[in-house]
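Participant: So the sequences go chain by chain: D and L.
If you count the first sequence from 1, position 58 lands on 58 in UniProt numbering, and the numbers rise without skipping.
If you count the second sequence from 1, position 15 lands on 15 in UniProt numbering, and the numbers rise without skipping.
Some hints could be false.
[Stated by the list, open to error] Keeping only pairs whose Cα atoms sit at most 27 Å apart, straight-line, the calculated DSSO-like set for lysine-lysine is: (1) Lys-117/D <-> Lys-89/L; (2) Lys-202/L <-> Lys-216/L; (3) Lys-89/L <-> Lys-162/L; (4) Lys-38/L <-> Lys-23/D; (5) Lys-89/L <-> Lys-32/L; (6) Lys-290/L <-> Lys-274/L; (7) Lys-274/L <-> Lys-90/L; (8) Lys-105/D <-> Lys-38/L; (9) Lys-6/D <-> Lys-57/D; (10) Lys-202/L <-> Lys-17/L; (11) Lys-32/L <-> Lys-290/L; (12) Lys-105/D <-> Lys-216/L.
[Said to hold, decoys possible] Partner residues are not named here, just some residues of chain L that face chain D (Cβ under 7 Å, in silico): (13) Phe-198; (14) Phe-211; (15) Val-245.
[Stated by the list, open to error] Rough simulated footprint, nothing fancy, chain L against chain D, three-plus residues with beta-carbon under 8 Å: (16) 73-82; (17) 104-112; (18) 129-135.
If you're looking for bench data, these hints aren't it; they were derived computationally from the structure.
A virtual CB, placed ideally from N, CA and C, is assigned to each residue, including glycine.
Each chain is listed here by its residues.
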Amino acid sequence: MADNAKSITVSIVTPDGQVYENKTPMLVVRTINGELGILPNHIPVIASLAIDEVRIKQLETDQEDDEIAVNGGFVEFSDNVATIVADSAERQNDIDVARAENARKRAESRIQEAQQKHDDAELARAQVALRRAVNRLHVAHR
Amino acid sequence: MAESLMDVKRRIDSTKKTHQITSAMQMVSTAKLNQIQKHTGTYQVYASKVESIVSHLAKAHLMTSGAGVTNSNSNTISVSELLAQRPVKKSGLLVITSDRGLVGSYNSNVLRQTNDFMSEHGLNTDNAVVLAVGGTGADFYKKNGMNVAYEYRGVSDVPTFKEVREIVKTVTSMYHNEVFDELYVFYNHFINRLSSGFRAIKMLPISEETFAQSEKDNRKAKDTRVDVGPEYEMEPSEDAILSAVLPQYAESLVYGAILDAKTAEHASSSTAMKSASDNAGDLIDSLNLKYNRARQAAITTEITEITGGLVAQE
Chain D
1 MADNAKSITV
11 SIVTPDGQVY
21 ENKTPMLVVR
31 TINGELGILP
41 NHIPVIASLA
51 IDEVRIKQLE
61 TDQEDDEIAV
71 NGGFVEFSDN
81 VATIVADSAE
91 RQNDIDVARA
101 ENARKRAESR
111 IQEAQQKHDD
121 AELARAQVAL
131 RRAVNRLHVA
141 HR
Chain L
1 MAESLMDVKR
11 RIDSTKKTHQ
21 ITSAMQMVST
31 AKLNQIQKHT
41 GTYQVYASKV
51 ESIVSHLAKA
61 HLMTSGAGVT
71 NSNSNTISVS
81 ELLAQRPVKK
91 SGLLVITSDR
101 GLVGSYNSNV
111 LRQTNDFMSE
121 HGLNTDNAVV
131 LAVGGTGADF
141 YKKNGMNVAY
151 EYRGVSDVPT
161 FKEVREIVKT
171 VTSMYHNEVF
181 DELYVFYNHF
191 INRLSSGFRA
201 IKMLPISEET
211 FAQSEKDNRK
221 AKDTRVDVGP
231 EYEMEPSEDA
241 ILSAVLPQYA
251 ESLVYGAILD
261 AKTAEHASSS
271 TAMKSASDNA
281 GDLIDSLNLK
291 YNRARQAAIT
301 TEITEITGGL
311 VAQE
């Protein structure tokens, strides 16, 4: 066990394969109950993630953090290796802002329709879609 | 054997064209097979991680919460519903076949063995509904009078997760609305480029056997499995994680089955086209022999006629 490990390895796995792998001194994720920071030598943990961004600090202090929009899933950490398992994940520069903007507008109109029809299930789905679109826009504009 | 020269020539040309087509189809199928195998490799990493976490959490859940059925009032399916057994009045049969033909014995294999399964378990039109992914299965069951509650045609050659999402949503909402009380999935599992085997898996409700099967598959991806021991901290709680991950697991099961079935379809099509090309090649060879014999016979006849004419003149 590397007791003075300076970084952890983060990899993000989606059904389409591994989309990200890097070494970082700190990983910050958002769970349903709030933020969770993972430093080297953290005890093994499994946490389920909210539809939000994941911040990966860079080893060089002058480089910007890597931010990745994650669509729910969970993170598993043990032995200084963190694996984020999500349905989909997009890096900041991969996000198509125009598409995300359109998705946001569509989700908002769906929410309005669902509220008028009092359709709870459709409302919940539309809210999730809105959350995803907003998350993407947020990460893209950072 | 009194075929004219021109007839044999015509047959040779047409067989050559057929050979061109079948070998092109074989190459296309092989290329698609390679593509989908690569995609499955990357997908397995994801699937084994989800499966190992879910099986650990769900087994604990199954043991502690018992088999009580709690039908929630909301319109979305809950964790306990996905796990709970309920009295089976109707069974759902998800049959994965191909849309196109020229795939050899792929479709007949699935349909025949599904029918065997149905007669073994006493399933018929009254107590079972068919959900068909793939045109061949849909048409077959419609013709045989089974109730086809859902059909999906046009699965792409390398299916993406988004496509499967729609199928999974429909299937789980049907399960929630009690269109059926248990779900079996029937498909051809890819073993290697020459052979595939039939598989029947009970997918809903999720139970020990579902895990046993997917564990066997993921055993090959040993280094990507997560060994969840008691030292793991669960954030925010085991139940919260389970309710987030279990739907992911159900989706990954269906997606895995569809990927597997598509891989077997490409392998089957490639093998079928290869044997068609080989047969066409053999036919061309024997027709060429026939052509040469016919040509030599024609020349001999001509010479005989000329010499005969010469002799008759003298």
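Participant: List, from low to high, the hint numbers that the structure doesn't satisfy.
Facilitator: Hints 1, 3, 5, 7, 8, 10, 11, 12, 13, 14, 17 and 18 contradicted; others consistent.
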